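Asker: Sequence:
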Amino acid sequence: LYYKNKDTFQPVEFKQSDYDLSAGIKQYEEQKPLGRQTIYQLGRDETHSDSSPNIDTILLSVLGKMNCTITSTHVDRDLGDGVLVVIRHDEGNVVGVWDGKDHITLNVFHFDQSRARADEFLQLTLVAA
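For the sequence shown, the numbering used here assigns the number 8 to the initial residue and increments by one for each residue that follows.
The hints are simulated quantities; they were obtained by calculation from the structure and are not laboratory data. These numbers come from a predicted model, not from an experiment. Cβ atoms here follow ideal geometry from the backbone N, Cα and C, with glycine treated the same way. Just so you know, not all the hints are guaranteed correct.
[Said to hold, decoys possible] Simulated restraints on C-beta separations: (1) His110 - Ile32: 38 to 44 angstroms; (2) Ser121 - Ile32: 48 to 54 angstroms; (3) Asp109 - Phe21: 47 to 53 angstroms; (4) Gln23 - Ser121: 31 to 37 angstroms; (5) Glu127 - Leu91: 22 to 28 angstroms; (6) Gly71 - Ser24: 50 to 56 angstroms; (7) Asp85 - Thr45: 24 to 30 angstroms; (8) Glu36 - Leu91: 34 to 40 angstroms; (9) His110 - Met73: 37 to 43 angstroms.
Build the full structure now, drawing on both the sequences and the hints.
Answerer: In structure tokens:
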């Protein structure tokens with residue numbers, strides 16, 4: 008691409024300090040996080056790739072071991088070969104997706120922001136699977 012006046016073009020460059028950032032900084036400092044969201048992408052080896060991981064049963068079992076009270080569950084098996092599981096509980100929610108082959112994605116939200124709670128969920132899931 009060629010501009011006709013490329014030799015006479017002199018762009019103006021602005022620095023971040025040229026702008027008033029005080030409103031954005033104030034808003035950032037006043038934020039109150041709601042919880043911790045963690046997304047796990049798990050793969051399955053070839054010995055398990057031909058069978059359903061019963062992801063709904065696994066997730067319900069894990070949340071039970073974590074003493075969560077389940078408020079609603081939705082399981083959709085009409086997604087080709089895969090499964091979608093949405094579970095709401097008193098401490099947050101979990102969305103699990105199995106692609107029907109060898110990939111499982113877990114989107115986990117807990118109002119408890121501690122990493123320990125997220126790690127506990129992962130460890131119990133890996134043991135149950």
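Asker: Does each hint fit the structure? Answer for all of them.
Answerer: Here is what the structure says about each hint:
1. His110 - Ile32: 38 to 44 angstroms: Holds, at about 40 angstroms.
2. Ser121 - Ile32: 48 to 54 angstroms: violated (27 angstroms)
3. Asp109 - Phe21: 47 to 53 angstroms: holds (49 angstroms)
4. Gln23 - Ser121: 31 to 37 angstroms: holds (34 angstroms)
5. Glu127 - Leu91: 22 to 28 angstroms: holds (24 angstroms)
6. Gly71 - Ser24: 50 to 56 angstroms: Since Gly71 and Ser24 have Cβ atoms about 54 angstroms apart, the given range 50 to 56 angstroms holds.
7. Asp85 - Thr45: 24 to 30 angstroms: holds (27 angstroms)
8. Glu36 - Leu91: 34 to 40 angstroms: holds (38 angstroms)
9. His110 - Met73: 37 to 43 angstroms: violated (24 angstroms)
Checked against the numbered hints above, the structure breaks hints 2 and 9 and satisfies the rest.
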